[in-house]
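Visitor: Heads up: the sequence lines are chains A and B, in that order.
If you're matching positions, the first sequence starts at 1 in my numbering and goes up one per residue.
If you're matching positions, the second sequence starts at 1 in my numbering and goes up one per residue.
In case anyone wonders, no lab produced these hints; they're calculated from the structure.
There is no bait here: all hints are sound.
Facing chain B, according to a computed beta carbon distance under 10 Å, are these residues of chain A, among others:
1. Leu-62
2. Leu-137
3. Tyr-147
4. Thr-157
5. Ile-164
6. Trp-208
7. Thr-216
8. Phe-268
9. Phe-318
Small disclaimer: the values here were computed from a predicted structure and weren't measured.
From the three backbone atoms N, C-alpha and C, an ideal C-beta is built for every residue, glycine too.
One-letter residues, chain by chain:
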Amino acid sequence: MDAARTRGGDGEGGGRPAGGADATMTSTRSAAVPAVAGARPRRRLLWTEESRFAWLSLAPALAFFALFVGFPVTYAFYLSFHEWNLMSPAPEWVGLANYRELVGDATFARSLLQTALFTLGITACLVVLSLATALLLDQKLRHIRFYRTISYLPAVTSVVAIGIVWLWIFDPQFGLMNQALRGLGVEGPRWLADTRLALWCLVITAAWRNVGYFATIFLAGLQSIDSTFYEAARIDGAGAWGCFRRITLPLLRPTTLFVVVVSVILSFQVFALVYVMTSGGPAGATSVVVFYLYQQAFTYFRMGYASAVGYVLFGVIFVLTLIQFRLFGKHVEL
Amino acid sequence: VRRKGRRRLGQGALHALLWLAAAFVLFPFLWIAAAAFKTQIALLSGAVLFTPVLTNFQEVLFSKTSEYLDNFVNSIVVGLGSTAAVLVIGTMGAWSVNRARWPSWAVHGVMAWAIVFHMIPPITMVGAWYVLFRAVGLYNTHLGLILAHLTLNLPMVLWILSAFIREVPVELEEAARIDGASTPVLLWRVIVPVIRPGLLATSLLAFIFSWNEFAVALNLTAKQTATVPVAIAKFAQEFEIQYTQMAASSVLSLLPAFVLLLLGQRHIVRGLTAGAIK
Chain A
1 MDAARTRGGD GEGGGRPAGG ADATMTSTRS AAVPAVAGAR PRRRLLWTEE SRFAWLSLAP
61 ALAFFALFVG FPVTYAFYLS FHEWNLMSPA PEWVGLANYR ELVGDATFAR SLLQTALFTL
121 GITACLVVLS LATALLLDQK LRHIRFYRTI SYLPAVTSVV AIGIVWLWIF DPQFGLMNQA
181 LRGLGVEGPR WLADTRLALW CLVITAAWRN VGYFATIFLA GLQSIDSTFY EAARIDGAGA
241 WGCFRRITLP LLRPTTLFVV VVSVILSFQV FALVYVMTSG GPAGATSVVV FYLYQQAFTY
301 FRMGYASAVG YVLFGVIFVL TLIQFRLFGK HVEL
Chain B
1 VRRKGRRRLG QGALHALLWL AAAFVLFPFL WIAAAAFKTQ IALLSGAVLF TPVLTNFQEV
61 LFSKTSEYLD NFVNSIVVGL GSTAAVLVIG TMGAWSVNRA RWPSWAVHGV MAWAIVFHMI
121 PPITMVGAWY VLFRAVGLYN THLGLILAHL TLNLPMVLWI LSAFIREVPV ELEEAARIDG
181 ASTPVLLWRV IVPVIRPGLL ATSLLAFIFS WNEFAVALNL TAKQTATVPV AIAKFAQEFE
241 IQYTQMAASS VLSLLPAFVL LLLGQRHIVR GLTAGAIK
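Isolated chain A (complex conformation):
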């Protein structure tokens, strides 16, 4: 996932204003291009030694995009108008039937709703918790580097292993949650086996894993805020809360946009956690879109229908990202 242009340096030093998402990177780009062009007037790419190597060095990357992304994306588009079970010799043309079926598919609608709920829950958790963690990790305290490392541990671990750990934590019999509750004399709920709670258990697990990563992004944003802003505000008599509300929050806007955009993109694609912890259950309560897609493709071998699901999901993510930039990106320098 990508593209924070937080050029705050090594996470320690200051730097230029908060590294916002795809927003700031555009500005970095346009700043870089004229610089190069200014140094040497832009000419057309001629077949010189230099330009030949320019082609050659970009060619492998382009070839990979074309072969391993371009082809699958085109092929999935083609398949979405066909019916195919991987075994039969050739896909069979069905026109818009897959998309038409999708519109009336209540299970798909439900999985889309559940994905949206998951995304909403995890994004809200992540913004609040990561910012709080980043503020805490930004303090000048002893051993702060040690805490920063710890905060980052879950983010480098495999979702599968994490899923298994939390599967046990939520186990109704010998899980940590209910053992603790039993210690307090309360019989805990059945967590992942409870249709109302299961999705939120996944949210908790995903939040636990990802807070550290997003806190790192927020921390870089915090550290890129010029300290003279705070000094000036203090001279004007602003308190800690005032500083936070009037300086930190507005200046973190690009970083926050990045966090929200990335979180939404990632959450809409949640799969491994669901696969390991619930397999979509209980009673389909945690079936998210990508899991539904996976089932259609690799359990029922409905490749055409799965491709249609994939295209609709991509469309949803794309539109949501555009909306976020429209809504929250207004004051982000582009």
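Got chain A sorted already, so can you dock chain B onto it with the hints?
Guide: Only chain B this time, still in chain A's reference frame:
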């Protein structure tokens, strides 16, 4: 530099908060590590105090029926292979995009594509990869998964390395050119040494990603080439779950990422904030 006044008073509270947060992060790891050293009976009885045993690790690593060592080797081969390849392709690509005189629409196109790419769920591409790989005999091979992970990592690598390459002074390249360096020499002798921190960051991130990747590995591998995450997930779906052995294999799967984080944290953080990834 913020608010020196109340800081001393607040320091105790902040330390307490940090401790609490750290405990919250560490406890699940400790819990699973403890389970890995327990006998099945000790685990199921919920014993807090127990005599640690190594049998789980022995079973997982050396038992004749266990394929965990193979999975481990598969993960390492795929991780190293895809990381090495993506570094080479990514460095050349990032240099070309940023420093060769491409028209700006082409540059913006490549970079924008690298972002839009992340909105495509990898699993939508898996179907096509599966068909393609079956046709050319790459299904269930290390090379197949290496190519897939390379593809998934390439946009991120292009982004991060672009950030580093843009900071290499153009004058440095020009000086090398005046000295008569050809482009490959320039790339290898001038660019690569200067962006070494970026390369380190990228390689750590790319390896960790590959090590942890699940959805694609699940569908492009079978028994012989299954990676660690795939093996662990399968573990969880067996009829009779060996909880303690599952814990031991999870612990083993976490170790490489932990070690890499501890060794290269500074670089990882720098890579994330310079180009950022998931």
